[in-house]
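Based on these hints, arrange chain B on the given structure of chain A.
Protein chains: 2
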Amino acid sequence: MHDKLIRNAIGRMVPEKINGKQVVPFAGVGKYHPKGNHHGPRITTNIDFPADGNKQVGSLKEALIKAGLNNGMTISTHHHFREGDRVANMVFDCASELGVKDLCWFPSASFSCHAYLLKYLDDGTISHIEGSMNGPLGRYCSEGKMRKTAVLRSHGGRYQAIQDGDVKIDIAVIGAGCADSFGNANGVHGPSASGSLGFALADARYADKVIVVTDNMVPFPCIPWQIHGNYVDYTVKVDKVGIPEKIVSGTTAITRSPDRLLIAETTARFCDVTGIIHDGFSFQAGAGGTALSIGIFFGDIMRKKGIKARFARGGSNQYLVNMLEEGLVEYILDGQTFDLEGVRSIRDNPCHVMTSPFTSYNYHSKGNFASMVDVVILGATEIDINFNANVVTHSDGYLLHGLGGWQNCLFGKTVILPVPLFRDRIPVIRDEVTTLCGPGELIDVIITERGIAINPLRKDLIDKTKGSGLPVKTIHQLKEEAETICGIPQKPVFTDKIVAAIKWVDGTVIDVVRQLET
Amino acid sequence: MHDKLIRNAIGRMVPEKINGKQVVPFAGVGKYHPKGNHHGPRITTNIDFPADGNKQVGSLKEALIKAGLNNGMTISTHHHFREGDRVANMVFDCASELGVKDLCWFPSASFSCHAYLLKYLDDGTISHIEGSMNGPLGRYCSEGKMRKTAVLRSHGGRYQAIQDGDVKIDIAVIGAGCADSFGNANGVHGPSASGSLGFALADARYADKVIVVTDNMVPFPCIPWQIHGNYVDYTVKVDKVGIPEKIVSGTTAITRSPDRLLIAETTARFCDVTGIIHDGFSFQAGAGGTALSIGIFFGDIMRKKGIKARFARGGSNQYLVNMLEEGLVEYILDGQTFDLEGVRSIRDNPCHVMTSPFTSYNYHSKGNFASMVDVVILGATEIDINFNANVVTHSDGYLLHGLGGWQNCLFGKTVILPVPLFRDRIPVIRDEVTTLCGPGELIDVIITERGIAINPLRKDLIDKTKGSGLPVKTIHQLKEEAETICGIPQKPVFTDKIVAAIKWVDGTVIDVVRQLET
Numbered sequence: 001m002h003d004k005l006i007r008n009a010i011g012r013m014v015p016e017k018i019n020g021k022q023v024v025p026f027a028g029v030g031k032y033h034p035k036g037n038h039h040g041p042r043i044t045t046n047i048d049f050p051a052d053g054n055k056q057v058g059s060l061k062e063a064l065i066k067a068g069l070n071n072g073m074t075i076s077t078h079h080h081f082r083e084g085d086r087v088a089n090m091v092f093d094c095a096s097e098l099g100v101k102d103l104c105w106f107p108s109a110s111f112s113c114h115a116y117l118l119k120y121l122d123d124g125t126i127s128h129i130e131g132s133m134n135g136p137l138g139r140y141c142s143e144g145k146m147r148k149t150a151v152l153r154s155h156g157g158r159y160q161a162i163q164d165g166d167v168k169i170d171i172a173v174i175g176a177g178c179a180d181s182f183g184n185a186n187g188v189h190g191p192s193a194s195g196s197l198g199f200a201l202a203d204a205r206y207a208d209k210v211i212v213v214t215d216n217m218v219p220f221p222c223i224p225w226q227i228h229g230n231y232v233d234y235t236v237k238v239d240k241v242g243i244p245e246k247i248v249s250g251t252t253a254i255t256r257s258p259d260r261l262l263i264a265e266t267t268a269r270f271c272d273v274t275g276i277i278h279d280g281f282s283f284q285a286g287a288g289g290t291a292l293s294i295g296i297f298f299g300d301i302m303r304k305k306g307i308k309a310r311f312a313r314g315g316s317n318q319y320l321v322n323m324l325e326e327g328l329v330e331y332i333l334d335g336q337t338f339d340l341e342g343v344r345s346i347r348d349n350p351c352h353v354m355t356s357p358f359t360s361y362n363y364h365s366k367g368n369f370a371s372m373v374d375v376v377i378l379g380a381t382e383i384d385i386n387f388n389a390n391v392v393t394h395s396d397g398y399l400l401h402g403l404g405g406w407q408n409c410l411f412g413k414t415v416i417l418p419v420p421l422f423r424d425r426i427p428v429i430r431d432e433v434t435t436l437c438g439p440g441e442l443i444d445v446i447i448t449e450r451g452i453a454i455n456p457l458r459k460d461l462i463d464k465t466k467g468s469g470l471p472v473k474t475i476h477q478l479k480e481e482a483e484t485i486c487g488i489p490q491k492p493v494f495t496d497k498i499v500a501a502i503k504w505v506d507g508t509v510i511d512v513v514r515q516l517e518t
Numbered sequence: 001m002h003d004k005l006i007r008n009a010i011g012r013m014v015p016e017k018i019n020g021k022q023v024v025p026f027a028g029v030g031k032y033h034p035k036g037n038h039h040g041p042r043i044t045t046n047i048d049f050p051a052d053g054n055k056q057v058g059s060l061k062e063a064l065i066k067a068g069l070n071n072g073m074t075i076s077t078h079h080h081f082r083e084g085d086r087v088a089n090m091v092f093d094c095a096s097e098l099g100v101k102d103l104c105w106f107p108s109a110s111f112s113c114h115a116y117l118l119k120y121l122d123d124g125t126i127s128h129i130e131g132s133m134n135g136p137l138g139r140y141c142s143e144g145k146m147r148k149t150a151v152l153r154s155h156g157g158r159y160q161a162i163q164d165g166d167v168k169i170d171i172a173v174i175g176a177g178c179a180d181s182f183g184n185a186n187g188v189h190g191p192s193a194s195g196s197l198g199f200a201l202a203d204a205r206y207a208d209k210v211i212v213v214t215d216n217m218v219p220f221p222c223i224p225w226q227i228h229g230n231y232v233d234y235t236v237k238v239d240k241v242g243i244p245e246k247i248v249s250g251t252t253a254i255t256r257s258p259d260r261l262l263i264a265e266t267t268a269r270f271c272d273v274t275g276i277i278h279d280g281f282s283f284q285a286g287a288g289g290t291a292l293s294i295g296i297f298f299g300d301i302m303r304k305k306g307i308k309a310r311f312a313r314g315g316s317n318q319y320l321v322n323m324l325e326e327g328l329v330e331y332i333l334d335g336q337t338f339d340l341e342g343v344r345s346i347r348d349n350p351c352h353v354m355t356s357p358f359t360s361y362n363y364h365s366k367g368n369f370a371s372m373v374d375v376v377i378l379g380a381t382e383i384d385i386n387f388n389a390n391v392v393t394h395s396d397g398y399l400l401h402g403l404g405g406w407q408n409c410l411f412g413k414t415v416i417l418p419v420p421l422f423r424d425r426i427p428v429i430r431d432e433v434t435t436l437c438g439p440g441e442l443i444d445v446i447i448t449e450r451g452i453a454i455n456p457l458r459k460d461l462i463d464k465t466k467g468s469g470l471p472v473k474t475i476h477q478l479k480e481e482a483e484t485i486c487g488i489p490q491k492p493v494f495t496d497k498i499v500a501a502i503k504w505v506d507g508t509v510i511d512v513v514r515q516l517e518t
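Top to bottom, those sequences are chains A and B.
All residue numbers for the first sequence refer to the numbering used here, where the first residue is 1 and numbers rise by one.
All residue numbers for the second sequence refer to the numbering used here, where the first residue is 1 and numbers rise by one.
Hints listed in this document are in silico derivations from the structure and should not be mistaken for laboratory results.
Don't take each hint at face value.
Note that the list lumps identical chains together, so a pair holds whenever it fits in one copy or between two copies.
Stated by the list, open to error - Restricting the straight-line Cα-Cα distance to at most 25 Å, the calculated cross-link-like pairs of lysine-lysine (BS3-like) are: (1) K31 to K66; (2) K66 to K35; (3) K35 to K168; (4) K466 to K240.
Next comes chain A alone, as it looks inside the complex (with noise of 0.2 Å):
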């Protein structure tokens, strides 16, 4: 029953059409020239907006009711509030109580939080979700348990499907730390302040209809306003739109794992051996563990060598603000922020600088700030012996995990996955990743706790590691090696159901993944 399957240029299986539409297969690393305009919202006429600028209405529900919730639409919110957030949640819920069905839900990513929607993906309240998947729904997922396929995009594949009217948001709800009652908005006053909203940028742009929600009402104007009032159609003043300590956990901590302390000392080492880290170079971290520590070994290194940082790219937490404030970095430019030292610091540091997917991420753009940054720390679940990773499903073939803005950052001059050999005894390094998210040609540097594998397509980085002590191996070694210590590997087994699709940044599908045999 499935529509046919073509090759794609990595070599996945991937269908024609995907919820009955034709989709492009990934062609290669820019090879695929798109055609067409980007995406026209209809055009409105303030006529039908109340001359004061009170676009305020009573309840969520009466927002969706005058937006014209109906069967079969797609809703979008961000992931700015992250496991705190509320506000998808009250979607769905009204939708629910009004009795509309077959919704696509689009995030942009979707935390443990968002369990709760597993009911309404039961009753067909929400069909099936696009957008990064974490944790239950994932699961549910590969479960094969969602009615439609879920697609899985980056942060910036997300913003170009957007922009391109790949996907026409019907409704956009934007929760907010601070609003008007016109619809200015932003993330970093109130109590649910969580930083930037940039997420919700396209979603503002493009949506047909969009909502504001804040539990911060502000008289006119809302400064900043990182959202425009001028896109939004609703507002509403709700009781709490997300629960504030687990929107700003503040609870990520450096390393204390020696393995992973070494994978992070490792990896600075490597980009201070290859003069990665020179006056007025460029970086992003991450917020994991072990990206914290190698972060803090940035900032010893250049303290000793007495030079500084022109711009770090964030996710932002009180390590980078502490870079920051010591003149170790001279800007942030941050896509979303992770603790309250960064909500401060992004309200108040104006080298301290709010991003989005389209400055930062969008590929189907004149550039991005992505392929400017000089060294991107990145993660992965499983590498092949081609450097191919996956960051989406575990071995054991459970999605898990959203894209984010992994695929994006593959774009820096210099990607390194810092990784450790195995997991749970299970090796990270393979002949075959389950799922293909990002082309090998792409990620330059594997750096485990038992040495460094770099792409052979980086002669320049091999090159000038010769004589340096670093442990550099072949990935084979590295490959090797795991299976020395944990034997070779099982395969999950699929059925032939594809339950989601992962887009490339360009709109063209590299992978599927498949419903786990159970």
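Positioned in the frame of chain A, the structure of chain B alone reads:
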């Protein structure tokens, strides 16, 4: 040989077509409902742009060639450099050297410095201008010398026209006080700093090709990035984008004319008596001598009452900045910056906020700020007995001014035109205005040195002034007083030839300007 003329909803005869393109006659305020979708620019891909973000080319001419400059194209520039602009003149020097003809120049406004371009209008490099015309270019147009019909739009109308695809910009050339080689740009740093670059926003977003020109190229990232490099195709460094002392001339001074001072004081008293000046109110004055004085009188009243304004709309200048810094005004929402104090403030003070015609003035939106301002002080060259007003032609028939934000500001809650009863012994109030730019139903109060006329539609204001001692008269009384002193004014004599169309904020044609009989 003319296209058929139609009487529009306000009684003016307008053509069916302008420059061969069908137009919609003015249908009344709030009567025209637009159809269709926003212009969607062509989808671009990062494949075609340098991965290191460096889009700098050797010269403006090279950038124009790469952008495909060709006969008949529409080329846009902004007016933030005012009388100090060198960019527009350089662009058409290049076009002339390249032998390109028949260009439409689409500036956000023109100034006397652009009289330089008359030679290119003469030799056919430029076929016509769509944009506010000030001084020599307007005179040239009035004399019937322009090859095609000029089109004048308000700042908001210009945004609307670009957004809706009424005008497709082939190449936007954006001069900036500061930029990086990727194209991020602002107007707050460098020798040619002009404050905001908001008038270039639509151009950046919707033009086919975008060129950023600066004399102050900084390393990526140029912060703030009011113009996002993601919209930009090429960047160019030139010696000078403008003449600094003419960009922020700082020459605007408070009026010393006793009549003008009386008008200013009466205006402030009127706003006090009617309760328009209240705690948390908002106002837009302007930068002329009378307007500045009104602002100062407002300040006195606010100090005396112990109240403050929630926001003031700029054009900003030292006087408005003083009010912000004194705490009389909480926010300046600023469209353009008129002096160095304004530039300093918008650069350093987060409560001095950059706006654009998108946020402030676009009528094909979901509301804008213009309608939320409590009181707006505007000028006019002529006003008729139905409160219709003219702002582009003088009573001698010459087109000498642009529309600026004037039409857009008419949507303010109370619109006051403080004008002298006559200028050079020519009455300002007349039976019929030479050119009808703003419908009387949106104009509330005329304040002259010899009395105040309140629009009969504003019964509330008439009631509030009763017993106030303010010299309230009918507009007919004011007209008669002027005619008693000056006599009944002569009307200019026009040919049938339409030399310019005046668009309303919704893109419809409210009036035309005809060639002067000479």
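Task: Numbers of unmet hints, in rising order - done: Checked against the structure, the only hint that fails is number 4, while the rest are satisfied.
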